[in-house]
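Visitor: What follows is the residue order along each chain.
There are 2 protein chains.
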Amino acid sequence: MDIEEANTDAAQRMIEARPVLVGLRKARDVIPGMRDNLLLHAGPPITWDRASGPLRGAIIGALIFEGLADDEDAAEAMVVNGEIDLEPCHHHQTVGPMAGVISPSMSVYIVENETHGNKSYSNINEGYGKVLRYGAYSEDVQERLRWMEDVMAPVLADAIAASEGIDIRTLLSEALHMGDEGHNRNKAGSLLFLKALSPHVAKVAGSVETASEVLGFIGDNALSVLNPVMAACKAMADAGHDVEGSTIVTVMARNGTDFGIRISGLGERWFTAPADVPDGLYFPSFEADDANADIGDSTITETAGIGGFAMAAAPAIVTFVSGTPKDAVNTTMEMYEINYAEHKHFTIPQLDFRGTPTGIDVRKVVEKGITPCVNTGIAHKEPGIGQIGAGLVRPPMAIFEEALVAFAEEYGY
Amino acid sequence: MDIEEANTDAAQRMIEARPVLVGLRKARDVIPGMRDNLLLHAGPPITWDRASGPLRGAIIGALIFEGLADDEDAAEAMVVNGEIDLEPCHHHQTVGPMAGVISPSMSVYIVENETHGNKSYSNINEGYGKVLRYGAYSEDVQERLRWMEDVMAPVLADAIAASEGIDIRTLLSEALHMGDEGHNRNKAGSLLFLKALSPHVAKVAGSVETASEVLGFIGDNALSVLNPVMAACKAMADAGHDVEGSTIVTVMARNGTDFGIRISGLGERWFTAPADVPDGLYFPSFEADDANADIGDSTITETAGIGGFAMAAAPAIVTFVSGTPKDAVNTTMEMYEINYAEHKHFTIPQLDFRGTPTGIDVRKVVEKGITPCVNTGIAHKEPGIGQIGAGLVRPPMAIFEEALVAFAEEYGY
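Protein sequence lines, in the order shown, are assigned to chains A and B.
Everything in the first sequence is counted per this note's numbering, starting at 4 for the first residue and increasing by one.
Everything in the second sequence is counted per this note's numbering, starting at 4 for the first residue and increasing by one.
It should be emphasised that the hints constitute simulated quantities derived from the structure, not laboratory data.
Any given hint could turn out to be false.
No copy is singled out in the list; a pair is fine if it fits within one copy or between any two copies.
[Stated by the list, open to error] Straight-line distance between alpha carbons at most 30 Å, and here's what the computed DSBU-like set of lysine-lysine pairs gives:
(1) K206 - K29
(2) K329 - K347
(3) K367 - K347
(4) K371 - K347
(5) K29 - K347
(6) K133 - K29
(7) K384 - K133
Using the sequences and the hints given, assemble the complete structure.
Guide: If you want it as structure tokens, here you go:
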């Protein structure tokens, strides 16, 4: 099959995918292959011995949350002894921000691609400060997780059901016209999410206090919609996966140790190399030496044509990730060099409504020597601390080179 | 007094003003000088015989709403016979969008400038379609007004009280980083307004159905926050008014027939000339011949340094008002030519976070031959129809020339 035809097909499938948030249910009840002794995590496969601090912290926290372990040592022992399996979210049509640890009792958003029928999943965003996804697992983190699960999740589930589905592609189209890029800045998108949910939350919450708390939690968290957005991007990227002969990247993900990618025409194979530390701005009292290597499945946003690729739409983000508004425009312009298509539904007003660069072509990355620009949060390298900054990072070039060699071998070029 | 010193003082007072939404009450109970036989209207003073179609329609609608007239003829007779007085909103620390007709029984937002203590008022936004502010007054318009007054206003009043005040300056600062310019595009600001109100609305609404309806109405109307924003801009502009020796414009307003301005150092005097028809984009089935002349107090936004002056922050607005994103940037750049200061709190990410042009200096307008650029809705010229488009318009140069001559006479230059 002709590579150009294959890539056109893969990119168009990603662009035509229409991800709609259709529900929220316990992971064990909906994620394919989820089981009681399984924890999902961000990025490519990894074992405990190679896991970074924040990933270990999130694993410990999830086992405590599940009631399977009482403390760090017990949790670690369960994983090391093989009582608990660790598998990538991406092996289960799922994505999670930062450590991305999802355990069976956690509720997950269900996104359905109405164009092609595939589904994807992500957990509920915890907000800021000390949170599980950055490897924090103390009692206050557990308490928030329990409130989210016991109080908020049933309300969100009923509100989403009452909404008859929230079209995340449309939400993202609007948010890109409101200064979001959809990865690190989801401020407008989270308010559009609040707008879609609030009339239903008021009706289904059961008590006015609960309605008020849930509306406050969703409204005050400018990352509320990040997880549904990531699931939507996963559904879009998956729609472009498994196209015979395509060199389009359909997964980019990091587990805090390795950065991994998958290629549309190369099935389930991962190409991995050590992840770099993001370059960015640190919160007061933290510095680059405290930073963990790049972590999280949130690079699914860039994979689907937003996030760092759409930075030109989000000039205000430079106050958070460093740089100038002109740098933000330049980043987007550079990304056109390595992407196969321009998005039909995601447009950038600042660039005369040009579509975002969509569908990373491994060939172009290698030929031009330009790696994808990712826009991300920075975790402390020790477990239990949390977010310490935000910045920009690029995957190692080696994984694209390796993927291109594998592609040539697979297809006999 | 030195003009430069006076203008610095006036502009800094406008910039340092901190308008906070503190309440919602019936116009008759809070607006200074409001009385049972008084209707407020947008723009400079006008009589029925010179009033435009949309202003006449709104007057008729307000008298029907008040139960003072049963139909058009009765309403007109009351005004012509002198039973009803018409006075500008601006004579009562008040502003209203488009026709800007406010009657005693309507609830109005109360904004207090916490820096200087002055207050301002505006009515509740009705949303889109056939609405009183565009001169529509049919039974469906009346029904919506009654629901707003009887059902929504008490909820909003209690929610605002429970919020302990909503800082509109901060809200605008955020909205300008989210693609709003604060006059014609208040999409992000209205969602920030929803975010601030929703936890309180859920608690105070009295029934879940009412909470749901109010949250839906506020969330679905991307102009929900326009009226509090206008009141905030009025409070800011008023803070800069009455500075002895200042040539800064503190009011720009149109009644659908005339465009009027007031100058900080020239007290309560209006300078007026016939208003032009905006140049813009029309909704399907309408054209420029259907358009009324420029109308509304919403030009208070430009007077305070946002709206058309901040268009560079809102590139997506060109799909609504015509032009290209580059035109939007050029408009803001041109406005720096005629403004005295740059805003400290309202910044434009696209221009490297430069402050918006603030404080129109009559001298600069006349010397450079550049009039302020206003970004506005377009009303049908016949009463009862409503909005037919949106676009850009400029006040007549004659009123700035006249004001400058008056200033020279007043101060003996």
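Visitor: My question is about K384 and K133: at a cut-off of 30 Å on alpha-carbon distance, are they close within one copy, between copies, both, or neither?
Guide: within (14 Å within a copy, 58 Å between copies)
Visitor: Have a look at K329 and K347 and pick one of within, between, both or neither, based on CA distance no larger than 30 Å.
Guide: Classified as both: same-chain Cα gap 24 Å, cross-chain 21 Å, threshold 30 Å.
Visitor: Check K133 against K29 for me: Cα-Cα at most 30 Å, and say if that holds within a copy, between copies, both or neither.
Guide: within (23 Å within a copy, 45 Å between copies)
Visitor: Between copies, within a copy, both or neither: which fits K29 and K347 at Cα up to 30 Å?
Guide: Result: close neither inside a copy nor across copies, 34 Å intra and 48 Å inter.
Visitor: Is it within a copy, between copies, both, or neither that the alpha carbon of K206 lies no farther than 30 Å from that of K29?
Guide: The answer is both: 22 Å in one copy and 29 Å across copies each meet 30 Å.
Visitor: I want to check one pair: K371 and K347. Are their C-alpha atoms no more than 30 Å apart within a copy, between two copies, both, or neither?
Guide: within (25 Å within a copy, 43 Å between copies)
Visitor: When no copy is named, should K367 and K347 be tagged within, between, both, or neither for a Cα gap of at most 30 Å?
Guide: Within one copy, since 21 Å is at most 30 Å while 44 Å is not.
The earlier numbered hint that this structure contradicts is number 5, and it is the only one.
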